[in-house]
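Engineer: With chain A fixed as given, assemble chains B and C onto it according to the hints.
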Amino acid sequence: MSMTTSDPDTDHSDRHTLGEILGRALGGGWIFILLIVLIAIFAAMRPTQFASSYNLSTLAINAAILLVLAIGQTFVIITAGIDLAVGSVLVFSSVAAASTMLALSGSAGSSYGTTDASWGVIAIGTLVGVGTGAAWGLLNGLLVAFARIPALIVTLGTFGMSLGFAQIVTGGQDVRAVPERLVDVIGSGSVAGVPSLVLIAVAVAIVAGIALHLTRFGMRTFAIGSNAEGARRAGIAVRKQTLKVYMLAGALSGLAGIMSIARFATTTIGGHAGDNLATISAVVLGGTSLFGGVGTIVGTVIGVFIPVVLLNGFVILGIPPFWQTVTMGAVLILAVWIDQLKRRARERG
Amino acid sequence: MSGTPLLEARGIVRRFGHVQALGGADFSVYPGEICALIGDNGAGKSTLVRILSGADRPDAGEILLEGKPVDLASPGTAQQMGIATVYQDLALAPDLSPADNLYLGRELLRPGFLGSLGFVDRRRMRRNATEQFSRLGVKLRSPRVAVATLSGGQRQSVAITRAAMWADKLIFMDEPTAALGVIQTERVLNLIKQVRDQGIAVVLISHNMPQVLEVADRVEVLRLGQRVAQLPTLGSSVEQLVAAMTSGTLAKEPAS
Amino acid sequence: MFARAWTKTWIAGASLVALAAASTGAQAAGKDVSLVLGVKGSPFYDALACGAKDEAKKLGLDLTVSAPDQFAADSQIPVIDAVTARGPAAAVVVPTDTQALIRPMAQLAKRGAKVLTVDQTIADTSFIQTQIVTDNEQGGRLAADAMNELLGGKGSVMMITQPPGSAGQDARAKGFEEELKKYSGITYLGPQYQSDDPQKAAEIVTSALSAHPDLAGVFSTNDQGAIGGITGLKQAAATGKVKFVAYDSATAEVAAFKNGAISVLIAQNPKQEGEVAMQSVKRVLDGGKLEKTTLTEIAVIKPGENAKADQYEYKGNCAQ
Numbered sequence: 001m002s003m004t005t006s007d008p009d010t011d012h013s014d015r016h017t018l019g020e021i022l023g024r025a026l027g028g029g030w031i032f033i034l035l036i037v038l039i040a041i042f043a044a045m046r047p048t049q050f051a052s053s054y055n056l057s058t059l060a061i062n063a064a065i066l067l068v069l070a071i072g073q074t075f076v077i078i079t080a081g082i083d084l085a086v087g088s089v090l091v092f093s094s095v096a097a098a099s100t101m102l103a104l105s106g107s108a109g110s111s112y113g114t115t116d117a118s119w120g121v122i123a124i125g126t127l128v129g130v131g132t133g134a135a136w137g138l139l140n141g142l143l144v145a146f147a148r149i150p151a152l153i154v155t156l157g158t159f160g161m162s163l164g165f166a167q168i169v170t171g172g173q174d175v176r177a178v179p180e181r182l183v184d185v186i187g188s189g190s191v192a193g194v195p196s197l198v199l200i201a202v203a204v205a206i207v208a209g210i211a212l213h214l215t216r217f218g219m220r221t222f223a224i225g226s227n228a229e230g231a232r233r234a235g236i237a238v239r240k241q242t243l244k245v246y247m248l249a250g251a252l253s254g255l256a257g258i259m260s261i262a263r264f265a266t267t268t269i270g271g272h273a274g275d276n277l278a279t280i281s282a283v284v285l286g287g288t289s290l291f292g293g294v295g296t297i298v299g300t301v302i303g304v305f306i307p308v309v310l311l312n313g314f315v316i317l318g319i320p321p322f323w324q325t326v327t328m329g330a331v332l333i334l335a336v337w338i339d340q341l342k343r344r345a346r347e348r349g
Numbered sequence: 001m002s003g004t005p006l007l008e009a010r011g012i013v014r015r016f017g018h019v020q021a022l023g024g025a026d027f028s029v030y031p032g033e034i035c036a037l038i039g040d041n042g043a044g045k046s047t048l049v050r051i052l053s054g055a056d057r058p059d060a061g062e063i064l065l066e067g068k069p070v071d072l073a074s075p076g077t078a079q080q081m082g083i084a085t086v087y088q089d090l091a092l093a094p095d096l097s098p099a100d101n102l103y104l105g106r107e108l109l110r111p112g113f114l115g116s117l118g119f120v121d122r123r124r125m126r127r128n129a130t131e132q133f134s135r136l137g138v139k140l141r142s143p144r145v146a147v148a149t150l151s152g153g154q155r156q157s158v159a160i161t162r163a164a165m166w167a168d169k170l171i172f173m174d175e176p177t178a179a180l181g182v183i184q185t186e187r188v189l190n191l192i193k194q195v196r197d198q199g200i201a202v203v204l205i206s207h208n209m210p211q212v213l214e215v216a217d218r219v220e221v222l223r224l225g226q227r228v229a230q231l232p233t234l235g236s237s238v239e240q241l242v243a244a245m246t247s248g249t250l251a252k253e254p255a256s
Numbered sequence: 001m002f003a004r005a006w007t008k009t010w011i012a013g014a015s016l017v018a019l020a021a022a023s024t025g026a027q028a029a030g031k032d033v034s035l036v037l038g039v040k041g042s043p044f045y046d047a048l049a050c051g052a053k054d055e056a057k058k059l060g061l062d063l064t065v066s067a068p069d070q071f072a073a074d075s076q077i078p079v080i081d082a083v084t085a086r087g088p089a090a091a092v093v094v095p096t097d098t099q100a101l102i103r104p105m106a107q108l109a110k111r112g113a114k115v116l117t118v119d120q121t122i123a124d125t126s127f128i129q130t131q132i133v134t135d136n137e138q139g140g141r142l143a144a145d146a147m148n149e150l151l152g153g154k155g156s157v158m159m160i161t162q163p164p165g166s167a168g169q170d171a172r173a174k175g176f177e178e179e180l181k182k183y184s185g186i187t188y189l190g191p192q193y194q195s196d197d198p199q200k201a202a203e204i205v206t207s208a209l210s211a212h213p214d215l216a217g218v219f220s221t222n223d224q225g226a227i228g229g230i231t232g233l234k235q236a237a238a239t240g241k242v243k244f245v246a247y248d249s250a251t252a253e254v255a256a257f258k259n260g261a262i263s264v265l266i267a268q269n270p271k272q273e274g275e276v277a278m279q280s281v282k283r284v285l286d287g288g289k290l291e292k293t294t295l296t297e298i299a300v301i302k303p304g305e306n307a308k309a310d311q312y313e314y315k316g317n318c319a320q
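Chains as they are written, first to last, in UniProt numbering: chain A, 1 to 349; chain B, 1 to 256; chain C, 1 to 320.
Honestly, the hints are just simulated from the structure, not real lab data. One or more hints might be untrue.
Computed footprint of chain C on chain A, listed as stretches where at least three residues anywhere in the stretch have a Cβ under 8 Å from a Cβ of chain C [what the hints assert, rightly or not]: (1) 165-174; (2) 265-273; (3) 303-313; (4) 316-327.
Just so you know, even glycine gets a beta-carbon here, dropped at the ideal spot from N, CA and C.
Next comes chain A alone, as it looks inside the complex (with noise of 0.2 Å):
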């Protein structure tokens, strides 16, 4: 084949090939020897408490739901959109599902704040969580695909609307009965020594891989966040294609729903007030391009795991807890710092 000649305007070939595929598998590789590094320090410095099998677990448990949540949002920044709502829209979902499965399910679990609610009304629940994060997600899309509003302003909006339909439905009050399996078995239980939280954001994350890499739907994704008019003119259904990757978004973040309710085993109105900024901060740690177009699920992976990690360790190390704050923000910026970096360089070669 003819593409590897010495032509003039082909020189640089030698400066890729080894980073150019680590770099891709990767996202960015730097960010993942960052991720070693720390894990490597906090290991060392505490062996017993950081290097627990105890401790690798939670923390593996403590990433795993907002891994869902950034999975989401991984294909909504790489089409170039962003959703601020993932979180208001998890708690919405976690409420819409657990007053259903509280409504079907009347007697008392056997411990403190739990329903003895059947499989089957967990799995009714799991849909009603999936089916309403979906549907924020398609109101989501409709608004910035067919309205034409900014992404920014309709989740920041929906990001509102969520929260208060959430807090509208159970007066400001979490909704503390949830099925006792789905606590017992999803929130803390395992499958030969894993997990099952961890189980199921690692399918998910799985899953989401292989769509975006190796799927029509991926390489759609990649191309309408690339230059949307282009894709347009190339005959790709752009509008269609932005609602299905905001649903996608909407329909993981009912998902995260139902992980959190299970893990907390209550709704939490009050919380995931963060995660928007947090999955956000966590894409674009793993590479992911705010510009669209770039970006990779392993990046996300251990995008989500830097400020998990770095919580951890400053609370075993005993470091006050103002300087997690600051360094998450500092690795955030260097992250940035670093894709702008890279791009200018693509753009000069």
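Structural biologist: Then chains B and C, alone, in the frame of chain A:
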């Protein structure tokens, strides 16, 4: 220039409010030729190309493809009829690879069950793309790197290769070398000739008269929304073309 | 590119090591105590942490303080989990949710830490050594008594509180409403809700004044309601005319108290809560037993008692 034109436009009228962009314009392009469409600014070239590529509808007039009247309702319709357009502002996705760009919107799926799940056949797309590029003599360092890392000329080549891949009859190119340097321009012009040699007709819009004379087989001149001249490039001069564009006549004989 | 990335990550790593080395000494076995606050950057919790630090030093305990970004379970649980991994001898927690914190705190207890709660409580107390709380209902009653005294036994009174669901706020409201019934001259106009939103509280007060021009007194069950409420009074030029009784003694409330915009403060004593927490920890670690509930002080600060207001002001001004 004998026989039935590949694409012919008759009496095309297009008004924007009180402004008449095209006032009964005629146009024809023949199979397997490079036809330059020239005219001064505001002569109606872009409007005519938009209409002929399905991006705009005329107020009056008719369009014939291989002698039969057609309705170019959308760019999609035109593409189905084998007509594509390479836009001045590139319609490539800069973050995707050249191979992915060739198949943008027309991805090849894996055979069997995986295909029905929407899995793309990257290997086949890459192999076909490589073949396509080498057939047209386009040299890229890798079909995998992002298009944004390529030079302007290479990007234009990818865009033209894509058009040639999906249009088997006719490609419109609006100022394909406007932003390119000398060497890159030369490469793109060679590519355009390669495309013609594959049997696809090319309509080239350009302001660069020497270039038009170098690469085109024939010239159609628009002035004030109407065709004022058709002439072969063989034996024509830049002065003649300029005169046709500005005065609408071929009165001045070449100084011989 | 890769070499540069390495350099950057090493710089980040090295500064982290320095930071860690600077902030922690050695962990003496059996004296390592963790305190998990409700949220970062709250003067109330900072004051609590100050009290705890001073007392821990006196008692020879090795105290580490952590806090989540938000007063919410999803934000606090990762912090609790990390404390569990750290494996302290005892942990004092301000639980941000009565239910969601049960599992992680039970895990903390199961892995060997003596667990205490302070300021807030959780629903399952089977594994909790003691709950250090103020009697919020009693605080509400004291507020009603002070209100009656201020108004000379008659007038219309309203209350600004949070929507039902927060145990502490609910108890304050309940105590206030019950005690107020004793005073036949007082007309109770009922509760109005705001959730930590001074703007909303200001609107509540101004519209209440339009609806009830004879409004004589307002009670707010927390500082945010008080700060908004007195702003509303100022806007309606009713400062001083309408008597304001406020729970807590945040800095802004103390200033308003000295200016006469707030007549009476019902103050908790977070410093003392921190001290009591450490004393309780010490007793448990020494093998002693504790009551299920340990009550801490509530102070009523009356007009003119500026020195007392200063003394009770929520301030995290201890040496770090």
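Engineer: Take the hints in turn and mark each one as holding or not.
Structural biologist: Against the structure, the hints:
1. Here the segment 165-174 of chain A counts 4 residues with a CB under 8 Å from a CB of chain C, which clears the bar of 3, and the coverage holds.
2. Counting residues of the segment 265-273 of chain A whose C-beta lies closer than 8 Å to any C-beta of chain C gives 7; at least three are required, and the coverage claim holds.
3. With a threshold of 8 Å between beta carbons, the proposed coverage of the segment 303-313 of chain A by chain C holds, since 4 of its residues qualify and at least three are required.
4. Figure legend: the segment 316-327 of chain A, annotated as covered by chain C; annotation consistent (10 residues with Cβ-Cβ distances under 8 Å, at least 3 required).
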